[in-house]
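Here the protein sequences come in this chain order: R and L.
Okay, so the first sequence: first residue is 1 according to the working numbering, each after it adds one.
Okay, so the second sequence: first residue is 1 according to the working numbering, each after it adds one.
The reader is advised that the hints may include incorrect statements.
Stated by the list, open to error - Looking from chain R toward chain L, a few residues come up when the C-beta cut is under 8 Å (computed):
no.: 1; residue: Thr83
no.: 2; residue: His281
no.: 3; residue: Gly284
no.: 4; residue: Glu308
no.: 5; residue: Arg328
no.: 6; residue: Ala338
no.: 7; residue: Ser342
no.: 8; residue: His390
no.: 9; residue: Leu393
To be verified - Part of the chain R face toward chain L, derived, beta carbon under 8 Å:
no.: 10; residue: Ser95
no.: 11; residue: Glu109
no.: 12; residue: Leu171
no.: 13; residue: Val174
no.: 14; residue: Phe175
no.: 15; residue: Ala287
no.: 16; residue: Glu288
no.: 17; residue: Leu322
no.: 18; residue: Asp330
no.: 19; residue: Arg335
no.: 20; residue: Ile339
It should be emphasised that the hints constitute simulated quantities derived from the structure, not laboratory data.
No residue lacks a Cβ here, since even glycine has one placed at the ideal position from N, Cα and C.
Each chain, written out:
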Amino acid sequence: MRAGRRVGVWEPGRAGWRRVRVRVVRWGPGGYALTQVSSGEGERPGRLLKPRMVCVLVFPRLGALRDMAPLLQVDNLRTWFRTPAGYAKAVDGVSFSIEPGQTLAVVGESGCGKTVTALSILQLISRPPGEFKSGSIVFEGRDLLQVSATELQEIRGGQIGMIFQEPGTSLNPVFTVGDQIAEAIRLHEPVARGDLRERVLAALRAVRVSDPERRIDQYPHEMSGGMKQRVMIAMALACNPRLLIADEPTTAVDVTIQARILELLRQMQAERGMAILLITHDLGVVAELADQVVVMYAGQVIERAGVEELFANPRHPYTRGLFASLPRVDRRETRLQAIEGSVPPATQFPAGCRFRERCPLAGPECLQEPVLETVEPGSKAPHVVACWKHKELERAPVAGS
Amino acid sequence: MPPLLEVDRLSKHFPVRGGLLPRVREWVRAVDDVSFSIASRETLGLVGESGCGKTTVGRTLLRLVPATGGAVRFQGRDLLAMQGSELRRARRQMQLIFQDPFGSLNPRMTVGQIVGEPLWFHGLANRSELNDRVTALLKQVGLRPESAQRYPHEFSGGQRQRIGIARALALEPKFIVCDEPTSALDVSIRAQIVNLLQDLQATHGLSYLMISHDLGVVRHVSNAVAVMYLGRIVEQAPTEALYESPTHPYTQLLLGAIPVPNPARRRVPRGTAGKIEVADDSIPSPINQPAGCAFHPRCPLYARLGKPESCRTALPELTPLPQDPAHRVRCHFPTEAGQSLVELVS
Chain R
1 MRAGRRVGVW EPGRAGWRRV RVRVVRWGPG GYALTQVSSG EGERPGRLLK PRMVCVLVFP
61 RLGALRDMAP LLQVDNLRTW FRTPAGYAKA VDGVSFSIEP GQTLAVVGES GCGKTVTALS
121 ILQLISRPPG EFKSGSIVFE GRDLLQVSAT ELQEIRGGQI GMIFQEPGTS LNPVFTVGDQ
181 IAEAIRLHEP VARGDLRERV LAALRAVRVS DPERRIDQYP HEMSGGMKQR VMIAMALACN
241 PRLLIADEPT TAVDVTIQAR ILELLRQMQA ERGMAILLIT HDLGVVAELA DQVVVMYAGQ
301 VIERAGVEEL FANPRHPYTR GLFASLPRVD RRETRLQAIE GSVPPATQFP AGCRFRERCP
361 LAGPECLQEP VLETVEPGSK APHVVACWKH KELERAPVAG S
Chain L
1 MPPLLEVDRL SKHFPVRGGL LPRVREWVRA VDDVSFSIAS RETLGLVGES GCGKTTVGRT
61 LLRLVPATGG AVRFQGRDLL AMQGSELRRA RRQMQLIFQD PFGSLNPRMT VGQIVGEPLW
121 FHGLANRSEL NDRVTALLKQ VGLRPESAQR YPHEFSGGQR QRIGIARALA LEPKFIVCDE
181 PTSALDVSIR AQIVNLLQDL QATHGLSYLM ISHDLGVVRH VSNAVAVMYL GRIVEQAPTE
241 ALYESPTHPY TQLLLGAIPV PNPARRRVPR GTAGKIEVAD DSIPSPINQP AGCAFHPRCP
301 LYARLGKPES CRTALPELTP LPQDPAHRVR CHFPTEAGQS LVELVS
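Excised from the complex, chain R in its bound form:
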């Protein structure tokens, strides 16, 4: 349900039904939803009710339909950039979907298009030079490539929250973190000034920031990297998004802090039932957090599977190469098996299979572009791979394991 939807509400202590605008905080069984009333019908604009939690009966439950469909469905997305050297096909025919409450990890090296995919979902690609050549991004029934700018504003930061890799550069150094979280809330909800501080404190408490009453008035430079990332998460979650996009959320922090940030994301997901789109190159983080995994290479999805299936039985030579090239803390190998070469620039992707120039198995058929084939049907999500040679890899032991 969108923020600002009008429903009838029976509130204890008030006579009769009133029509108010609500925001669903959490869906309960049978069409009940815990919501927050943000303003009353017929009241003058600017005079806002205090936000309070009420339980409303929303009937028919629109969410029931939506639970059948994925929360987010990206279909054949092509985000290209016009450059002097021709089109950079940063994202070229990417499809995946995320179910409500699930974690989907997008894995790949820099230059594989994972960040551009995330920015495309949020429509944060500047046009020009960016162009959406094809595809659709359907979020809760609406194609984000088609909706109006105002609707987008409401979704961005409202129903889709986001956190970025560098908490240091994503926070504004001249405002206190409290001001910045308050801004994120006020953009999406009409909250009275007097109540705002309490809302910000609640957001900081939710992400387990120690001593929130002191932290709220601090500037970003007064905080450690881990604490800044917590503030970013508080800001992203302040409006109870249905989907959180986390772009390399722990790449810039130490391992001990990383463990706590991952734990925090897990807790937030369990408490709120939100879905997470996790973008990372760290397979350890993927194993720790993801339900589904999408492996990207050179702007395309080359393999997609449930996390246990993918780690037990990777079928694309690139995925196997990633596993084999990892130096591990839990065992020692004599020599790492590196993938030779590097990802070609986005303006010069080879025709056919884009991995063929680095692939130990490449043959003449690899000049044809491979399509995603199902290798393991799976109950919920099939294991698909785009490789002509995947049968040769079937059940072959993964190097190094």
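For this one, chain R is given, so just place chain L on it according to the hints.
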């Protein structure tokens, strides 16, 4: 045979100035009482969180910053006392590879100039020899000889790291400080660079000080590992001993924090939330170090043992373990710490 490099009680304190009339108010104890030695053709891994002083150790022992105290002996000679031409000759033997392959190469110089500059500076090659030497160096690190005419911006991160390695090799050093050489690189490229460093070690007889927060890379390349916390080494052991039986609570915390790429071993089962705690994610500052053991405010063992007074008041010494003298730990309760590992595993 004496070790190639011996570091004895090295310390580096930086002054913090402040106030109306700037004067030294406090000291940052970036490196305090650090001792280790590296044998010829061996690698010592130096690990720890950001701010623990591991980079300062590397820079101090190369004399890029003056040391506050202690001694560094390189090939048996006192490095900290060297001056003039003696120091210049010693510096040929020791080189540095940097973390950031973008910031550490001069964008206005061609690759040939970058790699050839150390040779030219030390007067080791005339103009006609220089090109051949540069070509040979580029080949050694897996770059094409034509790269010499190009500029750094034309190369990817992994290739730039190779350029940095070629520059470090130019003077045929005996010892290289690798400061996070793979942290800025992608997984597949990281493996290429790690393999290259290992190959070069074998062919050139190099010794490395591998400074990294990537405990996987360190395990892979090191013969021995030292773990630093707030300027001090808290645990030091041969690699296998350190990873198989980490004893200091901080080492255990560090190793336990690394996510293992195996979904069957995730720490919290899917669909559950795990434990909830209020986090103070801050590492104490090296200016106002906690009294006693610097790690005690974060130490799980300290809490479990009922907050013993000794942890708060007395700084533990780096002591060899009775069962393994090569394994040294800076903890008042090494036996209890060793036992807590058994509990963690079971």
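Comparing the hints with the structure gives:
1. With a least beta-carbon distance of about 15 Å to chain L, the hint placing Thr83 of chain R at the interface is violated under the 8 Å criterion.
2. Interface hint at His281 of chain R: satisfied, since its Cβ lies 6 Å from the closest Cβ of chain L, which is below the 8 Å cut-off.
3. The interface hint given for Gly284 of chain R is met, as the beta carbon of that residue sits about 3 Å from the closest beta carbon of chain L, less than 8 Å.
4. Against a cut-off of 8 Å between C-beta atoms, the interface hint on Glu308 of chain R holds, since the closest Cβ of chain L lies about 5 Å away.
5. For Arg328 of chain R, the shortest C-beta to C-beta distance to chain L is roughly 5 Å, which falls under 8 Å, so the interface hint holds.
6. This hint holds: Ala338 of chain R has a C-beta 4 Å from the nearest C-beta of chain L, less than the 8 Å allowed.
7. A cut of 8 Å between beta carbons decides the hint on Ser342 of chain R: the least distance to chain L is about 5 Å, and the hint holds.
8. With a least beta-carbon distance of about 19 Å to chain L, the hint placing His390 of chain R at the interface is violated under the 8 Å criterion.
9. About 17 Å separates the beta-carbon of Leu393 of chain R from the nearest beta-carbon of chain L, more than 8 Å, and the hint is not met.
10. Interface restraint check for Ser95 of chain R: the shortest CB-CB distance to chain L comes to about 23 Å, outside 8 Å, so the restraint is violated.
11. A cut of 8 Å between beta carbons decides the hint on Glu109 of chain R: the least distance to chain L is about 4 Å, and the hint holds.
12. Restraint check, Leu171 of chain R versus chain L: the minimum CB separation of about 15 Å is more than 8 Å; hint violated.
13. Hint status for Val174 of chain R: violated, given a least beta-carbon distance of 22 Å to chain L, over 8 Å.
14. Nearest Cβ of chain L to the Cβ of Phe175 of chain R: about 21 Å, over the 8 Å cut. The hint is violated.
15. The restraint placing Ala287 of chain R at the interface with chain L holds, with a minimum CB-CB distance near 4 Å, inside the 8 Å limit.
16. A cut of 8 Å between beta carbons decides the hint on Glu288 of chain R: the least distance to chain L is about 4 Å, and the hint holds.
17. Taken as an interface hint, Leu322 of chain R checks out: its beta carbon lies about 6 Å from the nearest beta carbon of chain L, inside 8 Å.
18. Given the 8 Å rule on beta carbons, the hint for Asp330 of chain R holds: about 6 Å separates it from the nearest Cβ of chain L.
19. A distance limit of 8 Å between C-beta atoms decides the matter here; for Arg335 of chain R the minimum to chain L is near 6 Å, and the interface restraint holds.
20. Interface restraint check: Ile339 of chain R against chain L, minimum CB-CB distance 4 Å, threshold 8 Å, status holds.
Hints 1, 8, 9, 10, 12, 13, 14, counting from the list given before, are not met by this structure.
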